[in-house]
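Engineer: Spelled out, the chains give:
Number of protein chains: 2
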Amino acid sequence: MDSIFAAQPRSTATDEQFSELLKRPGLRIERILSTGQSSPAGFWYDQPEGEWVLLIQGAARLRFADEAVARHLQVGDYVDIAPHRRHRVDWTAPGQQTIWLAIHYSTTAAAPSFRTSTS
Amino acid sequence: MDSIFAAQPRSTATDEQFSELLKRPGLRIERILSTGQSSPAGFWYDQPEGEWVLLIQGAARLRFADEAVARHLQVGDYVDIAPHRRHRVDWTAPGQQTIWLAIHYSTTAAAPSFRTSTS
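Read top to bottom, the protein sequences are chains U and H. For the first sequence, counting from 1, position 25 maps to 1218 in my numbering; every step adds exactly one. For the second sequence, counting from 1, position 2 maps to 1195 in my numbering; every step adds exactly one.
Hints are computed from structural coordinates only; laboratory data are not their basis. Treat the hints with care, as some may be off.
Since the list gives no way to pick one copy over another, a pair counts as held whenever it fits inside one copy or between any two copies.
[Said to hold, decoys possible] Here are the simulated DMTMM-like cross-link-like pairs (lysine to aspartate or glutamate), alpha carbons at most 25 Å apart as the crow flies:
| no. | residue 1 | residue 2 |
| --- | --- | --- |
| 1 | Lys-1216 | Glu-1260 |
| 2 | Lys-1216 | Asp-1259 |
| 3 | Lys-1216 | Asp-1283 |
| 4 | Lys-1216 | Asp-1239 |
| 5 | Lys-1216 | Asp-1270 |
| 6 | Lys-1216 | Asp-1273 |
Build out the structure end to end from the sequences listed, making use of the hints.
Structural biologist: Given below as structure tokens:
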């Protein structure tokens, strides 16, 4: 058992920190720590996989190329980012660690459907 | 954009609340709200899919059939539950809402491997 708050490295203004929490075929769960970083000017992520993100700690502004205004994310907010939907991180809260949970998922696999189940 | 804290129904002592946040082939992201519930006596979950859970709010005790002692989960703790690993929820904190994020994933699909990527 691990904690998503565990082992936060000392903040540096230079690099975001990526930690893989789970990797399975077609699925990758990742923790991302930001400390005031944003995407480089003019840079857009354009990813072949889908990505579902949940803000665990801190605050951020997530911008989509097809939207005029960035979305302000607070703790608990989640967004699904479709494959190849261009996006960037305009801002993360300075002076504190922002924690993202990112679920990267393949949309190209011929995966079986789920049965309805609980738990 | 939605919040994992949104629209928490008034607590009742009788039922857990399940909300599907995302469904894709081989992947289902779910929010589970517990208010003091535990699994019925003698009941074990035995699921064909893998399940990765993260405790978002509250506290819980998660018991595996192959472990003598339940694991006490606090906010931020996560656990991967392999397919068919029998488990049950021994306890959730009474008088408050415990929020689980559950990532249900298929392990039977012939899904493509991920390339290393960021975001």
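Engineer: Are the hints correct? Go through all of them and say.
Structural biologist: Hints and how they fare:
| no. | hint | result |
| --- | --- | --- |
| 1 | Lys-1216 x Glu-1260 | between (31 Å within a copy, 24 Å between copies) |
| 2 | Lys-1216 x Asp-1259 | between (30 Å within a copy, 23 Å between copies) |
| 3 | Lys-1216 x Asp-1283 | neither (28 Å within a copy, 28 Å between copies) |
| 4 | Lys-1216 x Asp-1239 | both (21 Å within a copy, 21 Å between copies) |
| 5 | Lys-1216 x Asp-1270 | both (23 Å within a copy, 17 Å between copies) |
| 6 | Lys-1216 x Asp-1273 | both (19 Å within a copy, 11 Å between copies) |
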